[in-house]
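Just so we're aligned: 334 in this note's numbering is position 334 of the sequence shown, and the numbers increase by one with no gaps anywhere.
Derived by calculation from the structure, the hints in this document are not laboratory data. Please read all numbers here as calculations on a predicted model, not as lab measurements.
Here are the computed distance ranges between Cβ atoms for each label pair:
no.	residue 1	residue 2	range
1	GLU188	ALA90	35 to 41 Å
2	SER258	ALA323	21 to 27 Å
3	TRP72	HIS263	27 to 33 Å
4	ALA323	ARG139	28 to 34 Å
5	ARG145	VAL274	24 to 30 Å
6	HIS34	GLY216	38 to 44 Å
7	GLU74	ALA266	31 to 37 Å
Heads up, the beta-carbon is just placed ideally off N, CA and C, and yes, glycines get one too.
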Amino acid sequence: MSPRAGSAGPHTLAFVESPVQLLNVLEWAHARGHALGGGLTLVVLSPIDPMTRGQLRRMAELAREEGHEVRWEEARGGPAAPFQTIGGLAGLLRRADRIVLGDPFSRYVQLLLMITRARELVVVDDGTATMEFVAQLARGERLVRWHRKGGRRGPRDLVFAPVSASARRRLTPGGKRQVEIFSSMPMEETPAGVTVTANAFAWTRFRFGPPRITKGADMVGTSLVETGVVDGDRYLAAVQSLAKAHGATRYFAHRRESTEKLHRLAVETGLEIVRPDLPLELIARRGPIGRTILSFPSTVVHTLPLALAGTEVRVAVCDIDPAWLTENASPRAQGFLSGVTGTARDVHRLSAVSAV
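Modelling step: build the complete structure from the supplied sequences, incorporating the hints.
And the structure:
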């Protein structure tokens, strides 16, 4: 197990903004074991979304049970909140020997990186975005989320460009600065000098389960509609077809899915909508869970087979038909989503279902 905060050795400061990031910090700390040294302080840069906040509070409880210190910051609680948060963290940042972060694309995190003197930086998974981050870092490109539409940068992007460029430089190994990526995602390109460590979800398997497995199928929701990538009507039709074909009865909602969309899904498909209080990897490992888990291209097609290793659960992924994409979707969207599916290990691939 991870050591208690306050023991001898270098101190680690971790910044998380989502439940999955916090889970992956716990996985990283478990993998480091006693080599972690002087303890881990987790700083939660709390978002506004109620579902995300609820899952983060549950994950924070688990982190405290592991012996880690957790600092909850209302980082978005008003116009002055960012300045108060960054000012309050400046001392910790300057003293930390190691920084762990879950979202290198986050402007908040990029600002914090400008303050730290830490010579060791660790990036843990923030879902499939890690794949894009690694590729961009390897090619020396500016850091841009994959679902952002290409083209000219807006005024805010231009104002923030120097901060983003500074963050990219700090996340590039050089001199005495070490960079580690702790990930369960496949990587075609590895940035020179970066240490890549595999996240096998050992802590999740140690802490939870094995689960009770039911005979039916469960579905995993995505936020592709909310991010403007997939058309809402096409998505609903695809869910309906997939659920009918495989006998799914439950739909595990993504924390970013809108209440309106979920209500419509429940009415039109008859699926039981479940809003998980923890990341799906922990929910599935805790059980009960269906013998088949149906998903569209997303992080879970990579993480669930690891979390459920040794069980009889099968993860099946359904491709996104290009016709489902909105006109506002990034030109990179289809290729990226195909890559998410194509590189997944230990999953059963399903062709795109009819969504007309």
